[in-house]
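Each protein sequence line maps, in turn, to chains W and H.
One point on numbering: in UniProt numbering, the residue at position 44 of the first sequence is 44, and numbering is uninterrupted.
One point on numbering: in UniProt numbering, the residue at position 23 of the second sequence is 23, and numbering is uninterrupted.
Read the hints as simulated data drawn from the structure, not as lab findings.
Not one of these hints is a red herring.
Derived DSS-like pairs (lysine-lysine); straight-line CA-CA distance at most 27 angstroms:
no., chain 1, residue 1, chain 2, residue 2
1, H, Lys4, W, Lys271
2, W, Lys271, W, Lys513
3, H, Lys18, H, Lys2
4, W, Lys101, W, Lys509
5, W, Lys513, W, Lys268
6, W, Lys516, W, Lys101
7, W, Lys325, W, Lys152
8, W, Lys372, W, Lys101
9, H, Lys3, H, Lys18
10, W, Lys513, W, Lys429
11, W, Lys271, W, Lys516
12, W, Lys101, H, Lys3
13, W, Lys229, W, Lys241
14, W, Lys271, W, Lys101
15, H, Lys4, W, Lys429
16, W, Lys429, H, Lys3
17, H, Lys3, W, Lys513
18, W, Lys378, W, Lys101
19, W, Lys429, W, Lys101
20, W, Lys268, W, Lys101
21, W, Lys325, W, Lys229
22, W, Lys516, W, Lys268
23, W, Lys229, H, Lys18
24, H, Lys3, W, Lys268
25, W, Lys378, W, Lys268
26, W, Lys453, W, Lys241
27, W, Lys325, W, Lys220
28, W, Lys516, W, Lys429
29, H, Lys2, W, Lys516
30, H, Lys4, W, Lys516
31, W, Lys429, H, Lys2
32, W, Lys513, W, Lys101
33, H, Lys3, W, Lys271
34, H, Lys4, H, Lys18
35, W, Lys241, H, Lys18
36, W, Lys271, H, Lys2
37, W, Lys509, W, Lys429
38, H, Lys3, W, Lys516
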Amino acid sequence: MTVLIVIACYLLLLLSLGVLSARFAKQTTSDFFLAGRSIGPFLLFMSLFGTTMTAFALVGSSGEAYERGIGVYGLMASASGIIHSAVFFLVGMKLWVFGKKYGYTTQIQYFRDRFESDSIGLVLFPVLVLLVLPYLLIGLLASGASIFALTKGALPGVFAAGAVPPWLGTLVICCVVVTYIFYGGIRGAAWANAFQTCVFIILGIVAFYMISDALGGAAKATQMVLAHKPDLLARSAHISKFEFATYMLIPLSVGMFPHLFQHWLTAKSAKSFRLSIIAHPVFIMLVWVPCVLIGVWASSAMIDGTLVVPDHSRANQVLTILIRKLLDSPVLTGLLGAGILAAIMSSLDSQFLCLGTIFTNDIVLHYADESKISNVQKVWIARGFIIAIVAVTYVISLFKPVRVFPLAVWCFTGFSSLFPLVFASIYWKRTTKVGAIASVVTAIGMWLFFLSKANWGAKSSFLLPEILPFISASSESMNITIMPVLPIIICSTLALIIGSLMSSPPSEKTVAKFFK
Amino acid sequence: MKKKIIWGAVILLAILHKDFWWWDDTTIVFDFLPIGLAYHAGISICASILWALAVVYAWPDDLEAEAEGE
Numbered sequence: 001m002t003v004l005i006v007i008a009c010y011l012l013l014l015l016s017l018g019v020l021s022a023r024f025a026k027q028t029t030s031d032f033f034l035a036g037r038s039i040g041p042f043l044l045f046m047s048l049f050g051t052t053m054t055a056f057a058l059v060g061s062s063g064e065a066y067e068r069g070i071g072v073y074g075l076m077a078s079a080s081g082i083i084h085s086a087v088f089f090l091v092g093m094k095l096w097v098f099g100k101k102y103g104y105t106t107q108i109q110y111f112r113d114r115f116e117s118d119s120i121g122l123v124l125f126p127v128l129v130l131l132v133l134p135y136l137l138i139g140l141l142a143s144g145a146s147i148f149a150l151t152k153g154a155l156p157g158v159f160a161a162g163a164v165p166p167w168l169g170t171l172v173i174c175c176v177v178v179t180y181i182f183y184g185g186i187r188g189a190a191w192a193n194a195f196q197t198c199v200f201i202i203l204g205i206v207a208f209y210m211i212s213d214a215l216g217g218a219a220k221a222t223q224m225v226l227a228h229k230p231d232l233l234a235r236s237a238h239i240s241k242f243e244f245a246t247y248m249l250i251p252l253s254v255g256m257f258p259h260l261f262q263h264w265l266t267a268k269s270a271k272s273f274r275l276s277i278i279a280h281p282v283f284i285m286l287v288w289v290p291c292v293l294i295g296v297w298a299s300s301a302m303i304d305g306t307l308v309v310p311d312h313s314r315a316n317q318v319l320t321i322l323i324r325k326l327l328d329s330p331v332l333t334g335l336l337g338a339g340i341l342a343a344i345m346s347s348l349d350s351q352f353l354c355l356g357t358i359f360t361n362d363i364v365l366h367y368a369d370e371s372k373i374s375n376v377q378k379v380w381i382a383r384g385f386i387i388a389i390v391a392v393t394y395v396i397s398l399f400k401p402v403r404v405f406p407l408a409v410w411c412f413t414g415f416s417s418l419f420p421l422v423f424a425s426i427y428w429k430r431t432t433k434v435g436a437i438a439s440v441v442t443a444i445g446m447w448l449f450f451l452s453k454a455n456w457g458a459k460s461s462f463l464l465p466e467i468l469p470f471i472s473a474s475s476e477s478m479n480i481t482i483m484p485v486l487p488i489i490i491c492s493t494l495a496l497i498i499g500s501l502m503s504s505p506p507s508e509k510t511v512a513k514f515f516k
Numbered sequence: 001m002k003k004k005i006i007w008g009a010v011i012l013l014a015i016l017h018k019d020f021w022w023w024d025d026t027t028i029v030f031d032f033l034p035i036g037l038a039y040h041a042g043i044s045i046c047a048s049i050l051w052a053l054a055v056v057y058a059w060p061d062d063l064e065a066e067a068e069g070e
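All chains, please: the whole structure from these sequences, using the hints.
Pasting the structure below:
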C-alpha cells in the first residue's frame, strides 16, 4: 500500500507543477504551442533529453539487455550520443532559424513553404500521426506494466494479484499527463520534463546502487552472469555485426520527430542548443549504462539459490521485478517506481501535445478561416484532438501487449526513413515537392510492408534473404541479419533524388528564402 | 579547416563505434564492467568532448542574425 501512496503523491506533485506553470502562461497559441519561443539552455536540454529518454530507455533497455546482453548499449545509446547531437547541430538549429524567421509552429508548415506545396501537408499529416502512435503506445504499455509489477500485493482482494491492473494504471497516467498539458501547454510539458528528468536520473542511479548492493555488489552480480550466462557479456551470440552496423541509422529518427521539432522551436536563441549538443551523449550514458547492467544482472541474479527474476519473465517487467523483490523498503520502491513513470511521462506529454499542435495548425487553421477562430478556441481544438488521440492509443494498449524495445525500434525506423527528406530540404536546393512526396510515400509504403512481414512488431531485424528474395536462403555467406531501416532509407533517398531531378526546380523566390 | 577536422573526427568516432574487435570478449574491467560496455561508455564520453569542441570551433556564428532576417 505504501508503494501506491508514494506513486500517488508523485503524480499529485506533477499535477501541481502543471497548474503552477499555467500561472506563467498567456492564453495565446504562441505560448501554448511554443512557450513564446523563450526557453533557455537548461530547460531546452531537459526537455529534449527527457523527451528522447522514454519508456524505451529505462524499461525497454533493461528488458532488452536481459534477453540480448550488453550489446544493447552500443546498438542504441552510444550511437545516439553521436547521431542525436549531430542532428541537433545540423538540422535542429537550421529549423529553429526558419521557425523563428518565418513564424512556423509545425514541421508541416515548414515543408509546405519549402516545397511550395499544400499536398505535402496532406501526405505528411497521416504519416506523422501513424508513426507517433506506436511511440505513444510504448509509453502506455510500459506505464501499465510498471504500475502492475510495483503494486503486486498492495491491494489484496480488490484486484487480481492484488495489483493495480495495467488498464487502470495506464488510464491514470493518461489522465495525469493530459491534465498538466491542458493547463500549461508546451511550457507545462517543459517544466514537467525538467523536473521528471532530474527525478529519473537521480532515482535511476539510486536504483542501480541499491540493486547492486542487494546482489552483494556490482562485482558479484557480474560474476554471477559470467558463471551462468556469459554470452550476455559479449555480443556474438545475440547481435550480428551487420545488424549492429545498420542500427546506427535508427537514431536519425530524431530529425523527424514532430515533438522534438516543436521543442526546438521553443528555444530562445541558437545558443540555447549548445548545452543539449554537448551534454546529451554523457547523460544518455548515465541512464543507459546502469539500465543495461541491471538487465544483464537480472538474467542470473540469485538469492539463496533461486533466480530473482524467474526464467521467461516479460522483458517489460524485469526492472520493476528486481526493484520490488530486492529492495526491502516500500517507500524506496515507490520512489523508484515514480522514477520509471517520470521517464515515461516526460515523453508522453510532448508527443500528445505535438499531435494536438499539428492537427490544429496544419489541418484546422490551414483550411478554416483563421480570423473566425479565437486564440482560446484554437487551444481548445488542440486539446480536443489530444483527447481523441489519447483515447485511441489507450484502447489499442488494452490489446495483447508487445515488447517495448522492438516496437520502439519500428517507430524509430519509420521516422529515420523520413530523415533524407528533412536533410535534403535544408541542404539541397534542387529538392522539389515531387521528390519529397515520392520519398515519403516510398518510406511509409516500405515501412508498412516490413512491419507486416515482422508480424506487426514482433521482431525488428531480418535475414537478408527475407528482404531480397533473389538471394538464396541456403547461401550461408549471404545469411546476414539486417535492419529494415537500411533498405528503406536507400529507397526513400533514391525516390527523393529521382523525383526531384525529374520535376521542375523550386522557384528562385523559394531558393532565396531558404538558402543564402 | 577547423570545421573539417571536427567533422572528420565525428566520422572517425562513428567508425570507432563499430568495435568488432571486442565482439566475443567477456573480459571484465574495474571488477564489474564488461569490456564491450566499458568501451561504448567511453565512446559516449568522447562524443560529448567532441561535441564540445564542435561548439567551440565549428559553431555557425551567423544563425542568430539569420533568424532575425538580417
